[in-house]
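Please arrange chains B and C on chain A, whose structure you already have, making use of the hints.
So you can see what is in the structure, the chains are spelled out below.
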Amino acid sequence: MGLEQLPHNFLTARLEDLVQWARERSMFPATFGLACCAMEMMATGAAHYDLARYGMEVWRASPRQADLMIVAGRVSQKMAPVLRQVYDQMVDPKWVISMGVCASTGGMFNNYALVQGVDQIVPVDVYVPGCPPGPETLFHGILTLHHQIRTGDLLRRRDASGTGAGIQVEQRDGTPSHVQPIPIRRKSA
Amino acid sequence: MSEPIKVSPPEEARLEAQTDEGAQQLQPKRHEVVTGGLWPEDDDTMIINMGPQHPSTHGVLRVMLELDAETVLQAKPVIGYLHTGMEKTGEELTYVQGATNVTRMDYLSPLANELVFSMAVEQLLDLEMPPRATWIRMLLVELNRMSSHLLFQATNGMDVGAVSMMVYGWRERELTLRFLEKITGLRMNHNFIRPGGVAADLPDGWQHDAEELCRTVEQGVREYSDLLSENPIFIERLMGVGTISTEDALALGVTGPILRATGFPWDLRKAQPYLAYDEVDFDVMYGRNGDCYDRFRLRLDEILESIKIVRQCIDAMPLGDYRVQDRKVTPPPRARIDESMEALIHHFKLFTEGFRVPPGETYASVESPRGEIGCYLVSDGTGKPVRLHIRGPSLYNLQSLGTIAVGGMVSDAVAIISSLDPIMGETDR
Amino acid sequence: MATDTDHAAAGEPPGASPADEVAAAVAARFAATIVHESHGQPVVYVERSAWHDVAQFLRDEERFTQCLDVTVVDHLVDSERAVIPGVALERFEVVANFLSHPRNRRIRAICELPADDPTVASIADVYVGMNFAEREAFDMFGVVFEGHPDLTRLLMPDDWVGHPLRKDDAPGRIPVEFKEDPAPR
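Residue numbers (this note's numbering), protein chains in the order written: chain A, 1 to 189; chain B, 1001 to 1429; chain C, 2001 to 2185.
Okay, chain A solo, but in the shape it has when bound (with noise of 0.2 Å):
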């Protein structure tokens, strides 16, 4: 990636600043939707809980247009390589974000045919923890990793594993009780 490359001092400061200034907000994700994960993945996206307003609803299908991977749901034996393919395929900087429990360590399923852990076969950044993660905790997870790329303390946790980054968020979810679900009101016709 470039911005390793770079001597870090105080004349490329505003540089790296700028550079990770713009990978924090244009972020790609290409989805790996997979299973349930997906369509609480798919509720981020949507109206509620909205992703556009990171810029990031515009999923690219292709993954060389993408450079956040939100591994969504259980990897199977078979699909192991097809992950592996997709990731080889993004261009760098890329991230990872493993959403859920299957992705994340095999989840309830800790036999033959699940991949135990995402990891095992890519970087993972982030660990978003769930069975599914709601949308809250799926946010917590993505604006944490914004956070981590505008300070730069990704990079740095990256170099110091020797692979991802490997940050766990914790749970978020739960409209609390006095929180009523908004109704949406319309002009009687």
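Hints should not be assumed to be uniformly reliable.
In silico lysine to any residue, SDA-like type, Cα no more than 20 Å apart, as pairs [as the list claims (entries may be wrong)]:
| id | chain 1 | residue 1 | chain 2 | residue 2 |
| --- | --- | --- | --- | --- |
| 1 | C | Lys-2167 | B | Thr-1094 |
| 2 | B | Lys-1076 | B | Gly-1408 |
| 3 | B | Lys-1076 | C | Lys-2167 |
| 4 | A | Lys-94 | A | Ser-161 |
| 5 | A | Lys-94 | A | Arg-157 |
| 6 | B | Lys-1182 | A | Ser-161 |
| 7 | B | Lys-1182 | A | Lys-94 |
Just so you have them, the derived chain B footprint on chain A, three or more residues with Cβ under 8 Å [what the hints assert, rightly or not]:
| id | stretch |
| --- | --- |
| 8 | 40-48 |
| 9 | 68-76 |
| 10 | 127-134 |
| 11 | 145-153 |
Hints in this document: simulated from the structure, not taken from any laboratory. Ideal Cβ placement from N, Cα and C applies to all residues, glycine included.
Using the frame of chain A, we list chains B and C on its own:
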């Protein structure tokens, strides 16, 4: 080899007259083709691979298409990319835990999966459900049908090109999911319908919220209908596309909206009623031509029928137990655990070992939003099943892709896959 | 759960449950068929050699329009197995569920397969929809369906060795591996 273009003299004269100032003299052109000749008559067909990662939102489905120019000659779905070994895991989990596993198969209507599993276990145990449990289950399954069909509207619209449907469909689905979260605690994969009843009682004030939900979803459905049902582009895209006849559908094991769209009004809720479907009033929606448009329209109308049933549940919900009182099967109320030693022991035994089911086998089936979902359960007297097999309707619905897509265009293949509404979780299990 | 002995005591021919004429018709047509009632559902245990003919009979003469499912059960490690009088129980059972729309009834057909020779006729030519179901059963259990047009693996990768749902094959639960903690926050 190149041949001069032969143009007839009057044509040449006309063309010359058209060009300004005769600057473009019509010269006989020489065609130099890089391969050394004109393209031969192409009899070869192309084999195109769609998926398993592709922009349509139907999960990890791979379709091998054999094409002659744009016409599909063969379509072969390749599945297994989401195989999770859930049936094997089902043999390792007790019957109390079984619903957590089964619920993740058809992840778009998890309560239907839980219901069919619970019904199978209860058949093996010869248990009768109290009426309130039955009506709560019916309420939940109909809400699930609503949310599943709303998502179908969203994804079908998006696949066909009405991209804004993606946002509208999710808007109403979100409200349904929030209501389900209020009742069950989770938006998806609820693990709420368990053998013996349901996990908890309905919260206070649910009638008001349910009525509000019904009203909002009805308005939403009316909006979709205005947007899409008479829309000429939508009709052009879906009408006459992906037709299947009733005989083919029956032979292929297709059930659910696809079968009903062919004009065959078979709905398990009416034909072989379970829960309390014989006590509520609703209609079975069926189509005429068996094409994609009929399937879309049918599912839209089924949302309205589900709303009808939900309203009747709100009015007629019986009071009483929400789960069977048999302490060997359902856990005691939490407060009793502080008072009674037996309650404590029962609770402990249930959540560590589970309950034992006498040896036998049974097949239970319900009408899920995708068709007939069945559970074939074999028990051997221990706390874990010998064989837990779920008959997922999407497996057979997808198999019919090989028949439906043939003869159509490639662009229709997307519309057809989307109208079959496959869920790979229950296809691959 | 009514058993055959109850009905035999009532004076009816063994295996002919009055509750289900279809089961009785199958038993009448195919010798060595045992009729059983499982929690109110009619089940016929048929001979392996008659499997295809039973399916054909059900579709053509008894108007069972749909076969819903064909699956296999592996009874290797059963603690306790229900004894059906007259049926020689084997390790594998092939189970098919049928539904008749015009008659609004269901029936289940089961045949026993020995462990050393798990082959049976395919009914994919009678009920086309069972193509995938039989492929899955082959993939998961190694039961060979003779006459199937394309008996290849469906769910596992093509180069997978073994048949995962057999009781002596893949473990149902592998021990959880705790990886090293990722970098602290």
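Each hint tested on the structure:
1. C/Lys-2167 - B/Thr-1094: holds, 17 Å
2. B/Lys-1076 - B/Gly-1408: Status holds; Cα separation ~14 Å.
3. B/Lys-1076 - C/Lys-2167: violated, 31 Å
4. A/Lys-94 - A/Ser-161: holds, 16 Å
5. A/Lys-94 - A/Arg-157: Distance ~14 Å between A/Lys-94 and A/Arg-157 Cα, so the pair holds.
6. B/Lys-1182 - A/Ser-161: violated, 41 Å
7. B/Lys-1182 - A/Lys-94: violated, 38 Å
8. 40-48: Per the Cβ count (6), the hint holds.
9. 68-76: The restraint on the stretch 68-76 of chain A holds, since 3 of its residues have a Cβ under 8 Å from chain B and three suffice.
10. 127-134: holds (count 3)
11. 145-153: violated (count 0)
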